[in-house]
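Chemist: The primary structure of each chain is shown beneath.
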Amino acid sequence: MEACPLYLTKNFKNPAALTFDGYVASGGYVALKKALSMQPQEIIDLVKAGNLRGRGGAGFPAGVKWGFLGKTEGPKYLCVNADEGEPGTVKDGPLMEFDPHQMIEGIAIACFALGIKWCYIYIRGEFYKAHRIVQKAVDEAYAKGVLGPKVMGSGFQLDVALHPGGGAYICGEETGLLSSLEGKKGFPKLKPPFPALKGLYGAPTIVNNVETLACVPHIINLGAEAWNALGTEKNGGTKMYNVCGHVMKPGYYETRHSITLRELIYDVCGGMKPGRTLKGVVPGGSSSPILLPSEIDVRMDFDSLGKAGTMLGSAAVIVMDDRTSIVRALDNLLHFYSHESCGQCTPCREGTHWLYLISQRIVNGEGKAGDVDRMLDICNNMVGNTICVLADAAALPTQSYIKKYRAEFDAYVLDGGRVGLLGNREEKAAAHA
Amino acid sequence: MSLITPELKARFDAVVARYPKGQEQSAVIPLLHAMQELGGGHLTQEHQQAVADFLNLPMSKVHEVTTFYTMFSLKPRGRQHLSVCRTLPCALCGSEDVTKALSARLGVGPGEVTADGEFSYEEVECLAQCHLGPVLQVGDTVYGDLTPDSTRSLIDTLSKKGRP
Ligand SMILES: Cc1cc2nc3c(=O)[nH]c(=O)nc-3n(C[C@H](O)[C@H](O)[C@H](O)COP(=O)(O)O)c2cc1C
Ligand code: SF4
Ligand code: FES
Numbered sequence: 001m002e003a004c005p006l007y008l009t010k011n012f013k014n015p016a017a018l019t020f021d022g023y024v025a026s027g028g029y030v031a032l033k034k035a036l037s038m039q040p041q042e043i044i045d046l047v048k049a050g051n052l053r054g055r056g057g058a059g060f061p062a063g064v065k066w067g068f069l070g071k072t073e074g075p076k077y078l079c080v081n082a083d084e085g086e087p088g089t090v091k092d093g094p095l096m097e098f099d100p101h102q103m104i105e106g107i108a109i110a111c112f113a114l115g116i117k118w119c120y121i122y123i124r125g126e127f128y129k130a131h132r133i134v135q136k137a138v139d140e141a142y143a144k145g146v147l148g149p150k151v152m153g154s155g156f157q158l159d160v161a162l163h164p165g166g167g168a169y170i171c172g173e174e175t176g177l178l179s180s181l182e183g184k185k186g187f188p189k190l191k192p193p194f195p196a197l198k199g200l201y202g203a204p205t206i207v208n209n210v211e212t213l214a215c216v217p218h219i220i221n222l223g224a225e226a227w228n229a230l231g232t233e234k235n236g237g238t239k240m241y242n243v244c245g246h247v248m249k250p251g252y253y254e255t256r257h258s259i260t261l262r263e264l265i266y267d268v269c270g271g272m273k274p275g276r277t278l279k280g281v282v283p284g285g286s287s288s289p290i291l292l293p294s295e296i297d298v299r300m301d302f303d304s305l306g307k308a309g310t311m312l313g314s315a316a317v318i319v320m321d322d323r324t325s326i327v328r329a330l331d332n333l334l335h336f337y338s339h340e341s342c343g344q345c346t347p348c349r350e351g352t353h354w355l356y357l358i359s360q361r362i363v364n365g366e367g368k369a370g371d372v373d374r375m376l377d378i379c380n381n382m383v384g385n386t387i388c389v390l391a392d393a394a395a396l397p398t399q400s401y402i403k404k405y406r407a408e409f410d411a412y413v414l415d416g417g418r419v420g421l422l423g424n425r426e427e428k429a430a431a432h433a
Numbered sequence: 001m002s003l004i005t006p007e008l009k010a011r012f013d014a015v016v017a018r019y020p021k022g023q024e025q026s027a028v029i030p031l032l033h034a035m036q037e038l039g040g041g042h043l044t045q046e047h048q049q050a051v052a053d054f055l056n057l058p059m060s061k062v063h064e065v066t067t068f069y070t071m072f073s074l075k076p077r078g079r080q081h082l083s084v085c086r087t088l089p090c091a092l093c094g095s096e097d098v099t100k101a102l103s104a105r106l107g108v109g110p111g112e113v114t115a116d117g118e119f120s121y122e123e124v125e126c127l128a129q130c131h132l133g134p135v136l137q138v139g140d141t142v143y144g145d146l147t148p149d150s151t152r153s154l155i156d157t158l159s160k161k162g163r164p
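So the sequences go chain by chain: A and B. Heads up: the first sequence begins at 1 in this note's numbering, then just goes up one per residue. Heads up: the second sequence begins at 1 in this note's numbering, then just goes up one per residue.
Treat the hints with care, since some could be wrong.
Only pairs whose alpha carbons sit at most 16 Å apart, straight line, appear in this in silico EDC-like list of lysine to aspartate or glutamate [unchecked claim]: (1) Lys75(B) x Glu112(B); (2) Lys184(A) x Glu24(B); (3) Lys184(A) x Glu64(B); (4) Lys129(A) x Glu97(A); (5) Lys61(B) x Glu182(A); (6) Lys129(A) x Asp149(B); (7) Lys21(B) x Glu182(A); (8) Lys249(A) x Glu112(B); (9) Lys368(A) x Asp303(A); (10) Lys100(B) x Glu64(B).
Everything labelled a hint here was simulated from the structure, so no lab data went into it. Every value quoted in this text rests on a predicted model; they were computed, and no experiment measured them.
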């Protein structure tokens, strides 16, 4: 496997880059300067040609989304989605804590290309440290004239403000985020209208993920061709992956889109713990369907994983070894989704609730014949029937866990609760002994 | 608005100024965070009313927010409030045992406060630190790779910190 040149994480071991001068010394704000000399449409076309896929989960091409932004003389907004909360995901937090100016540069380029003068960074409420660091960097960017009335001495004006969340996974969903930013409950809204036409305060709004924006300066610097060469077809660039669970070296890594899941687990993360084998792996955050050990020779890009019946999502890889109870793993996630459903849609509110209730019954040894099929029926009623896709995010993994490990579910019901292991306790204890 | 000192008013005004005229409601979450901090970790009726008055919002709009978002607490918390992650990546690495050890060491269940008022804990969903799991967060500090043993010693350390 060829080593991957680092872009997004190149400053992660360079604390000087937290300051404006340090960031500039690392080659920062060159892309913004260049962008300011380009035509806005040229920038949008470049991002399109670079096949920058949205890193928040859906993988929608950023340049295409930018092209949908409603034309108006009135206000338009960029809202940065820094609400990172998809179980398994660790990338936006580090991108903000280790290189806040990279994100700010991406924001400034995007706003210039889109004619946007106002940007809110919606940052997860629990991210106190990242909030402090980004605020400091924003303040310094204002002081150095990168933000404010004359961005780098140009005629372009840009204001950026941080906005903390209150603790709710659903505010990561873009329309839930906008409701929350308006000071309301984080209720998602039916699309269309899409935020690009009717978003924050009813104005045209682009919502982009932190990592998406952090990629933008590199596309400007490298050009579309070189950026594309780092990825796979229609998936430009390098990508942040977080690997957690039962691997030797859990952590977040920047690497090529073309890496396979097997390489990520065994080469990058040192493989499974001694004596253990792989049982299953979730490739793109808890909302993505699970893969069997026989399915891991798949490239970690949006389209390859889509063809494999799952998704890249937030590129959070959750690795489970042979001792893991898949029944209990699913049960844990069903608690999550029933807790996080905002409750607006009956199929989602009731569906996640009943899935968790039945799952609890099974886990507690009181499962009834037909319970597993009952869960599948509930899933069928959830998919595609709701305002946002949280319902699908609960139903699709449930279907995949049951389909791929059916015998284990049936045995759990039959045996009246054979307590499987969820955590690998001894190992952690031994590591600390 | 006795809770809002001139100093606090200046701080709040600066927050409200981040949003367009007529969209002051946007400031409700940031202001409630500030109020909760002032209130020692939870929001009383009075705190919520002060935010409602400041933003000219009916109390129902503030209440809607304080009950929807998990970071707001309407019940007193310990001076040090611990959020232990319970979601799958942490659970795969042993968070259930960490939570048990924590509860036993503190002698309280989730949402309860220790007799000396020092600690409370709750189980939360993914804190976006999964590679360090199991994790718990206290204020802005995240402790990772926890075991039952290291959790007990963490409480010992935090207890000392609590006592000046
Ligand atoms: C339930 C749910 C949770 C989501 N959480 C996040 C999140 O935490 N961060 C994020 O960037 N996108 C999240 N998304 C995706 C956003 O809705 C949106 O697609 C994304 O922010 C767009 O940015 P991008 O095009 O740059 O990826 C979530 C979506 C759903 C349905
Ligand atoms: S699908 Fe679920 S989370 Fe999404 S809007 Fe409906 S109830 Fe809320
Ligand atoms: S699951 Fe515990 S931090 Fe993500």
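Chemist: Compare the structure with each hint and give your call.
Modeler: Status of each hint after checking the structure:
no.: 1; hint: Lys75(B) x Glu112(B); in the structure: holds, 9 Å
no.: 2; hint: Lys184(A) x Glu24(B); in the structure: holds, 12 Å
no.: 3; hint: Lys184(A) x Glu64(B); in the structure: holds, 8 Å
no.: 4; hint: Lys129(A) x Glu97(A); in the structure: holds, 7 Å
no.: 5; hint: Lys61(B) x Glu182(A); in the structure: holds, 12 Å
no.: 6; hint: Lys129(A) x Asp149(B); in the structure: violated, 27 Å
no.: 7; hint: Lys21(B) x Glu182(A); in the structure: holds, 12 Å
no.: 8; hint: Lys249(A) x Glu112(B); in the structure: violated, 36 Å
no.: 9; hint: Lys368(A) x Asp303(A); in the structure: violated, 39 Å
no.: 10; hint: Lys100(B) x Glu64(B); in the structure: violated, 32 Å
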